[in-house]
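So the protein sequences, as listed, match chains A and B.
Using my numbering, you'd call the opening residue of the first sequence number 1 and step up by one each time.
Using my numbering, you'd call the opening residue of the second sequence number 1001 and step up by one each time.
Just so you know, the hints here were simulated from the structure itself, not pulled from any lab data.
Pairs of lysine-lysine residues, derived as DSSO-like cross-links and limited to a Cα-Cα distance of at most 30 Å, are as follows: (1) A:71 <-> B:1236; (2) A:92 <-> A:137; (3) A:124 <-> A:137; (4) B:1245 <-> A:92; (5) A:208 <-> B:1245.
Coverage of chain B stretches by chain A, computed from C-beta distances (three or more under 8 Å per stretch; other residues unrestricted): (6) 1012 to 1022; (7) 1069 to 1079.
Where a beta carbon is used, it is the ideal one built from N, C-alpha and C, also for glycine.
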Amino acid sequence: MSEAIVQVRDLAKRYGDVEALRGVSFEIAEGEVFGLLGPNGAGKTSTIEILEGMRTADGGTATVSGLDPQKGGAQFKRSVGAVLQSTSLPDKVRVGEALNLFAQLYGVHTDTTRLLQRFGLEEKRQASYSKLSGGQKQRLAIALALVHEPRVVFLDEPTAGLDPQVRREIYDIIEELRRDKKTVLLTTHYIEEAERLCDRVAIIDQGKLIALGTPRELKDRSAGTTRIEVSLAKPAAEGELNGLEGVTNCRTVDGRTVMHSTRPPQTIVALVKHLESKNNELQSLEIAAPSLEDVFIELTGRRLRE
Amino acid sequence: MSHAWTLTLFRLRLAMRNRAFLVFGIIIPLVFLFLFSAVFARNGGPAVAYVLASVLAMSVMGSFWGLSQQLVIFREQGILRRFRLAPIEAGTMLLSSIASNLILMLPGIASEIIVAHWVLHMDRWGNLLSVFVLSGLGAVTFAALGLVVASVANSMMETQVINQLLWLSFILLSGVAIPLPSLPGWIQEVALFLPATYLVTGLERALINFASLNQLGAEIASLGGSALLAFFVCRKIFRWEPEEKVPRQAKLWVAAALIPFLLLGAWEASRGGRLNEANSIMRSTFGEKPKDAAPAAPSNR
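Just need the whole structure built from these sequences, with the hints factored in.
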């Protein structure tokens, strides 16, 4: 890995009695698209906002481009761009005007027409912020984050609440950032987003980093297995299905049973026989290749979705 | 400084797109001017100048409401945190609020003076330099006080409550809605500690007695000193984030912004000159105390 442009060591953050971050550490190399994957409340936004300089950490250290986000001042702010999760602009501001304003505040001369074209907003140049759709607002937010050509871009849940088509548009923009060799830190709770976009993914849960690696490395934890997810008429007892042929692990998640099997056909046959003997019934059955969600389930016993 | 100017221009453009600027900045003050003149200055002359001083003071103090609400809205909607990402300081944001408010207020002040003179037959211009300096300084002071309120209040509702209390006391107790000499003696003593009193009596002196800037030294020093202190205080306790709450002890800083008026009030209470002068201006204008005194307070904005 080339030299780290983002370094996080033992980051801790507390809100009253709640420990939001409990010793999170990772590094991001220059030009890397790095994902923080976890459910809501896992500590993703706290981590990214500490790195943006929007929050102070209660413990540990964080540097971006060699600068402390709290002490780096204008030099730090010029080196990073960010799309915040909860933010807005005044209703009456126009799209082109917002880009020009932030370019001026960063002290740069940016070709705003090119930026508007790049983000599909050229027809909205004169439109008020309040007249934009959710997707257009998010594209504008990304354009504003890039107006000063930062080295590091923070994207906090950039596709949350957007419809699938707009989400794909945002994916294309992030792919473009990768081609431009930007360093990107992305938080998400969408598995497909992390798998598709990120060079490496850190899985975070309850303020702790529980797994880190490329999507392939993480999925290799479940290598050679297939996920079999079933719902039963009567819930299976703890450990009841662990002994079925081919099963490597089995957990109950949200009332459904999730098994990983090295021999799916044999496992299914064994499952049906077992259920018959227990006078139980199979209500539904899904088979899928393992994903990052399986890694999360394996590590926490819960799903990524709330 | 260039960032402050950039943001000031930006805010001016936004305000010009907002009908509220035209309504609250120009139309409503003129409505009050016509209304008060119809009641207290039917024959034109110096009485119009007396009424104009009250209406100008009200327009200037409007800065207080507008800016405090705008800052809270910007904070609650997450607009401030977007600006926080850019290389700008809290002081820059605050300075641009105050500067744009000052610039936006000038057309309203000018239109009120012109209408008073040409339409309502005010028999004098007063000392226009003093009127504009006092109005401008007042706008800066009350804007800064409004920003202090916004910095202290934790929600829009809290801002509204604090604004109502301050606005009503400014309007009712300081000679804006009811001439100072018409108020009970103990209220007149209280009025000496309110910033609005120095604005309205200063404007009366400038418009009716042609007081020069030199003669308005106490008003200018107290308004200017308070503006500086208020700016310092709101910069110190400024919050970018909606969920950040102001520490209780920080609220004590608010009192600091009113120090010049506490000192001036104590001095004026001991010498008694200001109340005598207010009385003499009213007598010279109306001949005697008007029975039910002046204008009713406008409702909040």
